[in-house]
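Put together the whole structure using the sequences plus the hints.
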Amino acid sequence: MTDCTILRPDDAVRKTIVNLAQSKPQIKASDLYLIVRDLHKEMSVETFVEEVRSLANERRLALQESVPRGISFFKFLWRWQVSLWFDIVVGILALMVVTIYLLPNTYPLVVVRWVAGSIVLLFVPGFVTVKLLLPKEELDDLERLALSLGVSVALVPLVGLILNFTPWGIGLDSIVVSLTFYAVAMALGAAWRKYTILRSGQSC
Amino acid sequence: MPSRFRVGYLQAAEDRDVPMKISLHIHDAWRKRLSSLPWLWIISISAATAIMLTPIQVSLDLFFSHPVQSMYVMRDPVAFGLEFYLFLVPTVFLITSVKHSHAMKAVVLLVLFGVIFAGLWTISSRGYIGEPFVFASDVEYITDHSRLPIDSQYRGYPGLSLFLSSFSLFTGLRLFDTIAVVSLIQIVAFVLISYVFFSKALGINSKLAGFCVLLAIQGNWSVGKSLGYIHAGSFAPWILFATLLLLLTRFESSAGSRSLILVVVLAIAISHFGTWTYTFLFLIILSFMGLFGKARKFTIGLLGISAAFQVVWQALSPTLGFSVVNTLVVTSGVTSSVTPSVSATTPSPSTAPTVLEMLSLYGRQALDRLSLVSETTNLAPNRNPVWVTLSIVFWLIVTAYGCYLGVVSLRRRLRSPLVQRIETAGIVSATVLAASLLFTLRFGDALFRPLTYVALFTSPVILRRLFSTKVSSRRYLSGALAIAFVFLSLPTFLAYNKDISLMPYSSQEQSLGNFVASSYPSGRDILRVFGITGTWPYLRYYVLTSSRNLPNDFLAIEGMRTANETNLWLQENYLVDRFENSSGILVFSALWRVPFELYLGISPECRPEWELLKTRLMSHTVIFSDGFQNILWQS
Numbered sequence: 004m005t006d007c008t009i010l011r012p013d014d015a016v017r018k019t020i021v022n023l024a025q026s027k028p029q030i031k032a033s034d035l036y037l038i039v040r041d042l043h044k045e046m047s048v049e050t051f052v053e054e055v056r057s058l059a060n061e062r063r064l065a066l067q068e069s070v071p072r073g074i075s076f077f078k079f080l081w082r083w084q085v086s087l088w089f090d091i092v093v094g095i096l097a098l099m100v101v102t103i104y105l106l107p108n109t110y111p112l113v114v115v116r117w118v119a120g121s122i123v124l125l126f127v128p129g130f131v132t133v134k135l136l137l138p139k140e141e142l143d144d145l146e147r148l149a150l151s152l153g154v155s156v157a158l159v160p161l162v163g164l165i166l167n168f169t170p171w172g173i174g175l176d177s178i179v180v181s182l183t184f185y186a187v188a189m190a191l192g193a194a195w196r197k198y199t200i201l202r203s204g205q206s207c
Numbered sequence: 163m164p165s166r167f168r169v170g171y172l173q174a175a176e177d178r179d180v181p182m183k184i185s186l187h188i189h190d191a192w193r194k195r196l197s198s199l200p201w202l203w204i205i206s207i208s209a210a211t212a213i214m215l216t217p218i219q220v221s222l223d224l225f226f227s228h229p230v231q232s233m234y235v236m237r238d239p240v241a242f243g244l245e246f247y248l249f250l251v252p253t254v255f256l257i258t259s260v261k262h263s264h265a266m267k268a269v270v271l272l273v274l275f276g277v278i279f280a281g282l283w284t285i286s287s288r289g290y291i292g293e294p295f296v297f298a299s300d301v302e303y304i305t306d307h308s309r310l311p312i313d314s315q316y317r318g319y320p321g322l323s324l325f326l327s328s329f330s331l332f333t334g335l336r337l338f339d340t341i342a343v344v345s346l347i348q349i350v351a352f353v354l355i356s357y358v359f360f361s362k363a364l365g366i367n368s369k370l371a372g373f374c375v376l377l378a379i380q381g382n383w384s385v386g387k388s389l390g391y392i393h394a395g396s397f398a399p400w401i402l403f404a405t406l407l408l409l410l411t412r413f414e415s416s417a418g419s420r421s422l423i424l425v426v427v428l429a430i431a432i433s434h435f436g437t438w439t440y441t442f443l444f445l446i447i448l449s450f451m452g453l454f455g456k457a458r459k460f461t462i463g464l465l466g467i468s469a470a471f472q473v474v475w476q477a478l479s480p481t482l483g484f485s486v487v488n489t490l491v492v493t494s495g496v497t498s499s500v501t502p503s504v505s506a507t508t509p510s511p512s513t514a515p516t517v518l519e520m521l522s523l524y525g526r527q528a529l530d531r532l533s534l535v536s537e538t539t540n541l542a543p544n545r546n547p548v549w550v551t552l553s554i555v556f557w558l559i560v561t562a563y564g565c566y567l568g569v570v571s572l573r574r575r576l577r578s579p580l581v582q583r584i585e586t587a588g589i590v591s592a593t594v595l596a597a598s599l600l601f602t603l604r605f606g607d608a609l610f611r612p613l614t615y616v617a618l619f620t621s622p623v624i625l626r627r628l629f630s631t632k633v634s635s636r637r638y639l640s641g642a643l644a645i646a647f648v649f650l651s652l653p654t655f656l657a658y659n660k661d662i663s664l665m666p667y668s669s670q671e672q673s674l675g676n677f678v679a680s681s682y683p684s685g686r687d688i689l690r691v692f693g694i695t696g697t698w699p700y701l702r703y704y705v706l707t708s709s710r711n712l713p714n715d716f717l718a719i720e721g722m723r724t725a726n727e728t729n730l731w732l733q734e735n736y737l738v739d740r741f742e743n744s745s746g747i748l749v750f751s752a753l754w755r756v757p758f759e760l761y762l763g764i765s766p767e768c769r770p771e772w773e774l775l776k777t778r779l780m781s782h783t784v785i786f787s788d789g790f791q792n793i794l795w796q797s
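Going line by line, the protein sequences match chains X and S.
In case it helps, our numbering puts the first sequence at residues 4 to 207.
In case it helps, our numbering puts the second sequence at residues 163 to 797.
Treat the hints loosely; a few may be bogus.
Among chain X residues calculated to face chain S with C-beta under 8 angstroms, some are [as the list claims (entries may be wrong)]:
id, residue
1, 15
2, 16
3, 54
4, 121
5, 132
6, 150
7, 154
8, 161
9, 163
10, 165
Below 30 angstroms or equal to it, Euclidean Cα-Cα: the simulated DSS-like pairs (lysine-lysine) are [stated by the list, open to error]:
id, chain 1, residue 1, chain 2, residue 2
11, S, 362, X, 18
12, S, 632, X, 27
13, S, 261, X, 18
Source of the hints: derived by calculation from the structure; they are not laboratory data.
Cβ coordinates follow ideal geometry from the N, Cα and C atoms, glycine included.
Written as structure tokens, this is what we have:
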């Protein structure tokens, strides 16, 4: 094992980063790095990234991803760093459909259905709707969870009510199809909205 | 760069609007030292598990006559008390010590507290508490017919039935397991949403927000008692509280937020009339307080759409059609089980009660609702011990003080921050609703219905007031509140549930239901069931289960809103008249005594009319009797 010394940049570097970000509310990281390096010659890219991430964790900076030019929406969806939530939503919906229609309704496999079904009803419809309609809101995880829960519980009865007046009625198949369709459509809409916002360079 | 994506934009977060920070005054060094110890967590979780596994002997007897039943359903009350405090003390300490960055830990502890304080009886009764049969029969109907039932108690408000149906279908859980799970999820949702709201209301201060949630559950009679029960009045506020979070987003400029608010308000409109009325009032008062600012057109539109939706939806309700009065009455719970035919023909009071009599009646009803005298169906001969009354009254005074502060702050409505304006509007709306219910429905019970809605508003108002005092008095006041909270926790828990043997549906009631279901096979003609108000919700479930395709005719005595004994005898005899003049069954039980005990404070058994009534009833064929309940049959 080799000895190594981790040199922590002093507070001045961190202050510089924050001050610059404050004076230029939307600045590219690469531009910021160039300015900081002019002021602190010893600053490496790795140290800069580490400091920026640390400041973001302390909530002193807000980081915003962007989409490189030339990336299509389809490719954007496959970038798990920015659309991990989309993959999880689709995964949970798929799991729910599998547990309802393919897995036997016996213990212990039925536990998977309990969990997947509960998540789909209590969280997914609200989550994707909030994601679509409030793309720019700075909601932390708890706020998003609470809002998703509240909106899901509002949406599910409304979907059921609409189904009541359709020829299909309120049955397992009709609810599964309508909620799955709704969630996927909203998720795609939310992903598209995020894609367009990031491409246009707005903060979201 | 470690990430494949370049970090594009940096935005300073320093200029964020950081609301006032306040904190509980417990020595920080001690707090840090103790909260870092894992053993506190172990004690808290172990004690919670022990409480949930403690055998509870809920006798489920229909008339378990003891004034504080919650004390006697524990096998060993002293051991339970020790377990309770073993859980409570470290939990409260940890909740008030968790940093904002670990807010999820606080939420987990709060959920534990909520499940024990408000959900223990839901667990022990496996969901047979609240209004499970009302929704169970609706869900059964929806599952069988794929349509909404046309004769449901909540025919115009099927929100909870639709949610339960979807949940049952998706998860594959059995009906009453679904009801129990959703009841517990209600508690989780309340804790989560209120915690987020309080964090905003009190600044990003998880310690105080956590204490505020504790106060909202324990300090609010309505929430502490029935948060874990399944009924529309618990479900719809859950949606309403989500509206509060939306109001805290930038809804004025965000079309997304406005759309979400509209969705949420429409969901409330189909879930519970009382909550919808409250929401309507709340939005009007928010508008008056200048909250909507530039979004005034949106507000007017929202109110208009919501009202129009309510009218159109009610008009679509197949059996009743739209009737504001009927809906108001049904929603208030006054005559929840009255069919229109009965209410239209019930004999009117022979003599109109005087104002003094009515006021006395309201007072009795209000006191009864608070369990300060014997609960509705608790016919215990003894009155409450002093500690029960004190515990309930203490928290009522705290809530009333919060309401007072909220109403007073109307004066500076335009100068207050956003969150405080929302709180004020919430409190004022509840006050207006309570007053209007009291005067329009003339029912003391109605006064306490809006209590649930103020749960999210009074706690932060009180704590903010507490922490705006001088530093020296603040220290004493916050300490006193914390000590009062912990000290009164167990008595309050027991006092709120003093009639707990009667709240879950009893084994006797279920036996009676099974008997009716088995002796009424499908394919027969209409079965008319006569009984007093509390009888039909569960019986309807069993009868409909046995003959799903047949209409059933339930007739019950109207809500007994009278201070007049003669009128009560008239109503009970009127029901027997109806039974004798048609075919069907009549359920005669000790519940028939309740209106006399409850509203007039007299025991009907010492009246000659009672013997006459019993003699008259016993001349019919008795097809079921368990000592408490009798089923009479008329061919």
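Consistency of the hints with the structure:
1. 15: Since chain S brings no Cβ nearer than about 16 angstroms to residue 15/X, farther than 8 angstroms, the hint is violated.
2. 16: violated (14 angstroms)
3. 54: Constraint on residue 54/X not satisfied, violated at 11 angstroms.
4. 121: With Cβ-Cβ at 6 angstroms, under 8 angstroms, it holds.
5. 132: Interface hint status for residue 132/X: holds (7 angstroms vs cutoff 8 angstroms).
6. 150: OK, holds: residue 150/X within 8 angstroms of chain S, min 5 angstroms.
7. 154: Result: holds, 6 angstroms to nearest chain S Cβ.
8. 161: holds (6 angstroms)
9. 163: Nearest chain S Cβ about 4 angstroms off; hint holds.
10. 165: violated (10 angstroms)
11. 362/S with 18/X: holds (28 angstroms)
12. 632/S with 27/X: Measuring from Cα to Cα gives roughly 41 angstroms; hence the hint is violated.
13. 261/S with 18/X: Distance ~25 angstroms between residue 261/S and residue 18/X Cα, so the pair holds.
Hints 1, 2, 3, 10, 12, counting from the list given before, are not met by this structure.
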